[in-house]
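Engineer: Listed here are the chains, written in short residue letters.
There are 2 protein chains.
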Amino acid sequence: MNIVAFSHYKEVASEDLKDSYAIVIDLLRATSTMIWAISNGAKRIIPVEKVEEALLFKKLDESVLLGGERGGLKIDGFDLDNSPLSYKSEVVSGRTIVMTTTNGTRALKKAAGAKRIFPGSFINARKTAEYIIKEALCHDIHTISIVCAGTEEKFTLEDILCAGYFVHLLKKHFPDAFLDDLSIASYELYKKFENDPHEILKYSYHYNNLKKLGFVSDLEFCLKKDFVDMVCEYKNLVVEKV
Amino acid sequence: MNIVAFSHYKEVASEDLKDSYAIVIDLLRATSTMIWAISNGAKRIIPVEKVEEALLFKKLDESVLLGGERGGLKIDGFDLDNSPLSYKSEVVSGRTIVMTTTNGTRALKKAAGAKRIFPGSFINARKTAEYIIKEALCHDIHTISIVCAGTEEKFTLEDILCAGYFVHLLKKHFPDAFLDDLSIASYELYKKFENDPHEILKYSYHYNNLKKLGFVSDLEFCLKKDFVDMVCEYKNLVVEKV
Numbered sequence: 001m002n003i004v005a006f007s008h009y010k011e012v013a014s015e016d017l018k019d020s021y022a023i024v025i026d027l028l029r030a031t032s033t034m035i036w037a038i039s040n041g042a043k044r045i046i047p048v049e050k051v052e053e054a055l056l057f058k059k060l061d062e063s064v065l066l067g068g069e070r071g072g073l074k075i076d077g078f079d080l081d082n083s084p085l086s087y088k089s090e091v092v093s094g095r096t097i098v099m100t101t102t103n104g105t106r107a108l109k110k111a112a113g114a115k116r117i118f119p120g121s122f123i124n125a126r127k128t129a130e131y132i133i134k135e136a137l138c139h140d141i142h143t144i145s146i147v148c149a150g151t152e153e154k155f156t157l158e159d160i161l162c163a164g165y166f167v168h169l170l171k172k173h174f175p176d177a178f179l180d181d182l183s184i185a186s187y188e189l190y191k192k193f194e195n196d197p198h199e200i201l202k203y204s205y206h207y208n209n210l211k212k213l214g215f216v217s218d219l220e221f222c223l224k225k226d227f228v229d230m231v232c233e234y235k236n237l238v239v240e241k242v
Numbered sequence: 001m002n003i004v005a006f007s008h009y010k011e012v013a014s015e016d017l018k019d020s021y022a023i024v025i026d027l028l029r030a031t032s033t034m035i036w037a038i039s040n041g042a043k044r045i046i047p048v049e050k051v052e053e054a055l056l057f058k059k060l061d062e063s064v065l066l067g068g069e070r071g072g073l074k075i076d077g078f079d080l081d082n083s084p085l086s087y088k089s090e091v092v093s094g095r096t097i098v099m100t101t102t103n104g105t106r107a108l109k110k111a112a113g114a115k116r117i118f119p120g121s122f123i124n125a126r127k128t129a130e131y132i133i134k135e136a137l138c139h140d141i142h143t144i145s146i147v148c149a150g151t152e153e154k155f156t157l158e159d160i161l162c163a164g165y166f167v168h169l170l171k172k173h174f175p176d177a178f179l180d181d182l183s184i185a186s187y188e189l190y191k192k193f194e195n196d197p198h199e200i201l202k203y204s205y206h207y208n209n210l211k212k213l214g215f216v217s218d219l220e221f222c223l224k225k226d227f228v229d230m231v232c233e234y235k236n237l238v239v240e241k242v
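Chains A and B are the protein sequences, given in the same order.
At position 49 of the first sequence (counting the first as 1) the number is 49 in our numbering, and the numbers step up by one without a gap.
At position 232 of the second sequence (counting the first as 1) the number is 232 in our numbering, and the numbers step up by one without a gap.
The following block holds chain A by itself, in its conformation from the complex (with noise of 0.2 Å):
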């Protein structure tokens, strides 16, 4: 098994993820947040890079929510904001959501040329890894990308922290993997900060970032491990359940 990573969804050509599986990560908050509301019962995510498009969809069909963020913020005339807090059972059960972030909605259609691609997270790494292993074993994929989505097209620490968990539980199953430079240091950094992320991530930019905005909350609960049992997959432009 080959494991490689990217720092950022603008390091992916198409041609990189061919015949592997993906998981896409935007910890803060995207993929996070996507799991979450698939998790309280959302029908499935339509992630849309622009602003216009998800009203578009409105339009369209009035019964979709619209959420997302610019700026770190909810978008005028949508629904939702960014946060994974926002997408309650109440609010999202049996619902379509048209979703537009910065990073993460780019990250997962960058990731297009993977044969499967699935949204990760902290919440519910374990789960995911394991349904890749066994995917990936039953139908002869050698290769596993995890594609950070990144801020502002740099490298973004706590995607990096999360694609090192991801190689850490993939490393269990697979001790002798091949693992690239990139995948490498996320796991070192992983182990090295496993027990307090917020010890490194309290220094980096988009952490504080949402800090400054408010979203305290959010930090802790898109840092916590492993409390969903579920697994989202993107398929024909649609984030749902596996």
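Read the hints as simulated data drawn from the structure, not as lab findings.
Virtual Cβ for every residue (Gly too), placed ideally from N, Cα, C.
Just to be clear, a hint being listed does not mean it is correct.
[Said to hold, decoys possible] Covered stretches of chain A, going by a simulated chain B footprint (3 or more residues, C-beta under 8 Å):
1) 79-92
2) 149-161
3) 196-207
We have chain A; now place chain B onto it with these hints.
Structural biologist: Relative to the frame of chain A, chain B by itself:
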């Protein structure tokens, strides 16, 4: 002070380095080799991107030495490979060397947008950091950029560890510096493997590649710290002693 890092030369847009001093690192081996050659008395290094450019220089001036690599090995018709250990005093003293390597020479050229550019390596990091700190304070420079060459346009562990050592040296003088996420990550990785970088590098791609090609002594050499007491600068397309 701001300290920002780039994981490979393709990540750098010329605008990114504006008004900053840049440290360019291709630890294994281009910048280590350049620094060692100059330290052994070479007059100057002219980094060029293509083999044909190097051959043209030789045609114009027979006294120049041609050095560098493709696939880690000496280029046909060249005088020297890319091993620092080939650049002995008796070979290089007083000479102009035209060098072309896969990543390092490109990274130096990609850093052209910076105010000043310093090739960096473990072998002269302390002296280089001290010089940059002094000059940055004198000339009111607010950003130090660390440009890792990377390998084949990918994140490369040995360059990141060396970047982390530079962050460590710069932080000592600027304890309140703003570090971007990659600088923080490189610093933490450096600190984790400070006493034995081989412990992590033995899993990394380029390090292993050089090992397989028989350059074990180069790996030892390039990871030794601060035995060169001299600073190099890349200016007007030429690397010289400051």
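Engineer: All hints, please: hold or fail.
Structural biologist: Structure-based check of each hint:
Counting residues of the region 79-92 of chain A whose beta carbon lies closer than 8 Å to any beta carbon of chain B gives 0, which falls short of the minimum of three for the stated coverage. Coverage of the region 149-161 of chain A by chain B holds [criterion: at least 3 residues with CB-CB distance below 8 Å; count 6]. With a cut-off of 8 Å between beta carbons, the region 196-207 of chain A has 5 residues touching chain B; three or more are needed, and the interface restraint holds.
Going through the hint list in order, the structure does not satisfy hint 1, though it satisfies all others.
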